[in-house]
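Trainee: Please model the entire structure based on the sequences and the hints provided.
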Amino acid sequence: MVKIVRKKVLNPSVTLLEVEAPMIAKKAQAGQFIILRLDEEGERIPLTIGDFDREKGTITIMFQKVGLTTELLGDLNEGDYIHDFVGPLGVPTRNELGEVKRVMVIGGGVGCAIAYPQAKHLHAEGVQVDVIVGFRSKDIVILEDEFKQACDNFYLMTDDGTYGEKGFVTVKLQQLLEAGEKYDAVIAIGPVPMMKFVSATTKPYNLRTLVSLNPIMIDGTGMCGCCRVTVGGKMKFACVDGPDFDGHQVDYDELMNRNSVYREREAKEKERHACRMEQLAKEMIH
Amino acid sequence: MPNMSMTKNPMPEQDPNVRNHNFKEVAMGYTPEMAMDEAKRCLGCKNMPCVKGCPVNIRIPEFIAKVAEGDFAGAYEVITATNALPSISGRVCPQETQCECHCVRGIKGEPVAIGRLERFVADWYRENVNAMPKKPESNGIKVAVVGSGPASLTCASDLAKKGYEVSIFEAFHTAGGVLVYGIPEFRLPKAIVQNEVDKLAALGADVETNVVVGRTYTIDDMFEDGYKAVFVGSGAGLPMFMGIPGEALAGVYSANEYLTRINLMKAYREGYDTPIKDSKKVAVVGGGNVAMDAARCAKRMGAEVYVVYRRDEEAMPARREEIHHAKEEGIQFLFLNNPVQILDDGHGKVRAMECVKMELGEPDASGRRRPQEVPGSNFELEVDTVIMSLGTSPNPLIRSTTPGLEANQRGCLIADEETMATTREGVYAGGDAVTGAATVILAMGAGKKAAAAMDQYLQEKYGK
Numbered sequence: 001m002v003k004i005v006r007k008k009v010l011n012p013s014v015t016l017l018e019v020e021a022p023m024i025a026k027k028a029q030a031g032q033f034i035i036l037r038l039d040e041e042g043e044r045i046p047l048t049i050g051d052f053d054r055e056k057g058t059i060t061i062m063f064q065k066v067g068l069t070t071e072l073l074g075d076l077n078e079g080d081y082i083h084d085f086v087g088p089l090g091v092p093t094r095n096e097l098g099e100v101k102r103v104m105v106i107g108g109g110v111g112c113a114i115a116y117p118q119a120k121h122l123h124a125e126g127v128q129v130d131v132i133v134g135f136r137s138k139d140i141v142i143l144e145d146e147f148k149q150a151c152d153n154f155y156l157m158t159d160d161g162t163y164g165e166k167g168f169v170t171v172k173l174q175q176l177l178e179a180g181e182k183y184d185a186v187i188a189i190g191p192v193p194m195m196k197f198v199s200a201t202t203k204p205y206n207l208r209t210l211v212s213l214n215p216i217m218i219d220g221t222g223m224c225g226c227c228r229v230t231v232g233g234k235m236k237f238a239c240v241d242g243p244d245f246d247g248h249q250v251d252y253d254e255l256m257n258r259n260s261v262y263r264e265r266e267a268k269e270k271e272r273h274a275c276r277m278e279q280l281a282k283e284m285i286h
Numbered sequence: 001m002p003n004m005s006m007t008k009n010p011m012p013e014q015d016p017n018v019r020n021h022n023f024k025e026v027a028m029g030y031t032p033e034m035a036m037d038e039a040k041r042c043l044g045c046k047n048m049p050c051v052k053g054c055p056v057n058i059r060i061p062e063f064i065a066k067v068a069e070g071d072f073a074g075a076y077e078v079i080t081a082t083n084a085l086p087s088i089s090g091r092v093c094p095q096e097t098q099c100e101c102h103c104v105r106g107i108k109g110e111p112v113a114i115g116r117l118e119r120f121v122a123d124w125y126r127e128n129v130n131a132m133p134k135k136p137e138s139n140g141i142k143v144a145v146v147g148s149g150p151a152s153l154t155c156a157s158d159l160a161k162k163g164y165e166v167s168i169f170e171a172f173h174t175a176g177g178v179l180v181y182g183i184p185e186f187r188l189p190k191a192i193v194q195n196e197v198d199k200l201a202a203l204g205a206d207v208e209t210n211v212v213v214g215r216t217y218t219i220d221d222m223f224e225d226g227y228k229a230v231f232v233g234s235g236a237g238l239p240m241f242m243g244i245p246g247e248a249l250a251g252v253y254s255a256n257e258y259l260t261r262i263n264l265m266k267a268y269r270e271g272y273d274t275p276i277k278d279s280k281k282v283a284v285v286g287g288g289n290v291a292m293d294a295a296r297c298a299k300r301m302g303a304e305v306y307v308v309y310r311r312d313e314e315a316m317p318a319r320r321e322e323i324h325h326a327k328e329e330g331i332q333f334l335f336l337n338n339p340v341q342i343l344d345d346g347h348g349k350v351r352a353m354e355c356v357k358m359e360l361g362e363p364d365a366s367g368r369r370r371p372q373e374v375p376g377s378n379f380e381l382e383v384d385t386v387i388m389s390l391g392t393s394p395n396p397l398i399r400s401t402t403p404g405l406e407a408n409q410r411g412c413l414i415a416d417e418e419t420m421a422t423t424r425e426g427v428y429a430g431g432d433a434v435t436g437a438a439t440v441i442l443a444m445g446a447g448k449k450a451a452a453a454m455d456q457y458l459q460e461k462y463g464k
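Those sequence lines, one after another, are chains A and B.
Mapping of the first sequence onto full-length UniProt numbering: position 16 corresponds to residue 16, and the numbering continues sequentially without gaps.
Mapping of the second sequence onto full-length UniProt numbering: position 275 corresponds to residue 275, and the numbering continues sequentially without gaps.
No lab work stands behind these hints: they were computed from the structure.
Incorrect hints may have been included.
[What the hints assert, rightly or not] Simulated pairs of lysine-lysine, PhoX-like, Cα-Cα distance not exceeding 25 angstroms: (1) A:K26 with B:K228; (2) A:K65 with A:K234; (3) B:K266 with A:K65; (4) A:K234 with B:K349; (5) B:K142 with A:K26; (6) B:K349 with A:K236; (7) B:K299 with B:K228; (8) A:K196 with B:K349; (9) B:K142 with A:K27; (10) B:K8 with B:K108; (11) A:K27 with B:K228.
[What the hints assert, rightly or not] Cβ-to-Cβ under 7 angstroms is the rule here; a few derived chain B residues that face chain A: (12) N210; (13) A248; (14) E257; (15) T274; (16) P403.
Given the structure is predicted, the values throughout are model-derived calculations rather than measurements.
Here a beta-carbon is modelled for each residue, glycine too, at the ideal position from N, C-alpha and C.
Mentor: Written out as structure tokens, the structure reads:
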């Protein structure tokens, strides 16, 4: 069991939790993830490690409420406990990245929660970091100030133009590349279509692009193959071989298809949560 | 008066057409009367051939004699003197190739039902006595055990009994390894596994779940933290796939994933959050015990189930009893068939599996006749789910993060056959991590050997 020591609502659907997990905090590196389970009946879900504090012995996770488990997780408060919390899992991004002097970090939506620690740790190492973040609209922007502290150049995009510049992250990326900006690598983290288009944008420039994949997982230790993805025509298990892969080699359409397997069931589960909440509200009125 | 019946006392079982709709245990166990009657079939041979077949050397005629007298508590004492997990081994051991194949009564007629008697004794004890063992006096020496499957539980139990301070590190949220995520409830109720883990905790062993050795904590960390020896019983959990087109389609599972969702995450039960696909027609590819488990689970989830196996029935590595049970439950076997590709329904889901018929050719290196394709015999098997049960290999995580720990070409840790010592001092290994996927009882035997060798090593080095 791990205790929640801090909770911060970043936007209407994204929540930050900092939990006490000293063993994990001691080993964690940017790009790795944890798996958690809320209670005896709960499912195991993977979440990327947003930040860690080795001295305090804490791990920060940021997540979007998209289904039953994340809804329930979002309902927890400081002082509450998470039943199971295991990690750090996966290969640290730094191991995949190798020697770099200048990097572009791109975050899309809730993916910014994972892109942020990447920018922060690379910047702290002395790597030159540029950041492009993209959101649907102004009301869901997160971590703007944090990003500004963690990079040399910061570009904020909204799909509807309500804040920053209008357009997708790829619009800005294309502009910068056309203007002759040079990077050793691009790290893209966000929805699968966004990572797919970022990779398509960098491909003509032969610019190394790492993407952080988010397939369905159960154990996260390589024993089931649920998270298998095709990279460069080969089967890889994202939980042990990744989650970071060469963006130019990933079969994105297959990943999107595999991620949709339980969509109907997930919708039903979310309904179940709504019912649970309704029931709770009724009980509180009476 | 010995019982000279040529056949074993049958074990009461749930009716096949009832049990294939529930996850309750298939075999219901002997009553005390049936057990005492069966025990009287044992001749109490002086040279005890049965014991030689038992990897953990249970003193079989001795415990059976106690059962015949009705002294079940006494029988339990005899069994547990050498076997830490009788309620498990009595259920899942392939006795027909171990103790029972050496039984003198098996020369004419059926051997004594040693496994059923062992199971009876362990169940009787749990239901009637269930005394938790006492923690022995500590010798102050810390040892670590990686994994909590049958090899690790046996090793930890033997070391704890000798007074070592044992810590078990398990990656999953529940201890038991394949006993909880792999073998289904209808063959091995999870409450029984938990009872064995509770007994181990009562002996003083500390069970730490949610620790992935190699990531959360390494073997080097353990030595730094004062552990004097380590046993690696991390198993062989890495699933194999065929490498045929369509394996990434929605609806294709490894048996490990399918069974983990069902057994560990309880996806079959109302109220549990882990989803599993609603399947109408399922093909399970493979012929081992894991394939039988996956097929029987899928049947219980309401599907029509085919087992697709490239050799003939004779060559199936699964236990005869499991194949028999599966057939009784309505599972259809397609022998001498091999998948060629899995076909898309146009929406990324499984529509069918294309198979080709096989025929047996010349014997191969394993002595079995090599199956070869019959050209032009391809056909489509309409299914919406495919479960690949082709075997597993050891996970590379521990060996890749432990300097000095060597593995062979198949990724199995190299360990001395007698002592289970690895290539690194103070580190021992056993079970599937060393042999590749094998049986529960062989893992238990390896855990037992390792515990004895670790005790000797630690006493020479740190003993008073």
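Trainee: Mind checking the alpha carbons of K26 of chain A and K228 of chain B for me, to see if they're no more than 25 angstroms apart?
Mentor: OK: K26 of chain A and K228 of chain B at ~22 angstroms, within 25 angstroms.
Trainee: For a C-alpha distance cap of 25 angstroms, please report whether K142 of chain B and K26 of chain A respect it.
Mentor: Holds: K142 of chain B and K26 of chain A sit about 22 angstroms apart, inside 25 angstroms.
Trainee: Verify the proposed pairing of K142 of chain B with K27 of chain A, using a straight-line Cα cut of 25 angstroms.
Mentor: holds, 23 angstroms
Trainee: Are the Cα positions of K299 of chain B and K228 of chain B separated by 25 angstroms at most?
Mentor: Distance of about 47 angstroms is beyond 25 angstroms: violated.
Trainee: Once the shortest beta carbon distance from N210 of chain B to chain A is found, is it less than 7 angstroms?
Mentor: holds, 4 angstroms
Trainee: Can E257 of chain B be said to touch chain A, with a Cβ gap under 7 angstroms?
Mentor: holds, 4 angstroms
Trainee: Would the pair K65 of chain A and K234 of chain A pass a check requiring their Cα atoms to be no farther apart than 25 angstroms?
Mentor: Roughly 32 angstroms separates the two Cα atoms, so the pair is violated.
Trainee: Take a quick look at whether K196 of chain A and K349 of chain B sit within 25 angstroms of each other, Cα to Cα.
Mentor: holds, 22 angstroms
Trainee: Quick one, are K266 of chain B and K65 of chain A close enough, alpha carbons at most 25 angstroms?
Mentor: holds, 24 angstroms
Trainee: Do the alpha carbons of K8 of chain B and K108 of chain B lie within 25 angstroms of each other, as the hint requires?
Mentor: holds, 12 angstroms
Trainee: Is the hint on A248 of chain B kept, meaning its closest Cβ partner in chain A is under 7 angstroms away?
Mentor: This hint holds: A248 of chain B lies near chain A, its Cβ roughly 5 angstroms from the closest one there, short of 7 angstroms.
Trainee: Hint P403 of chain B vs chain A: min CB-CB distance below 7 angstroms?
Mentor: Violated, because the Cβ-Cβ distance from P403 of chain B to chain A comes to roughly 17 angstroms (cut-off 7 angstroms).
Hint violations for this structure: numbers 2, 7, 16, all remaining hints satisfied.
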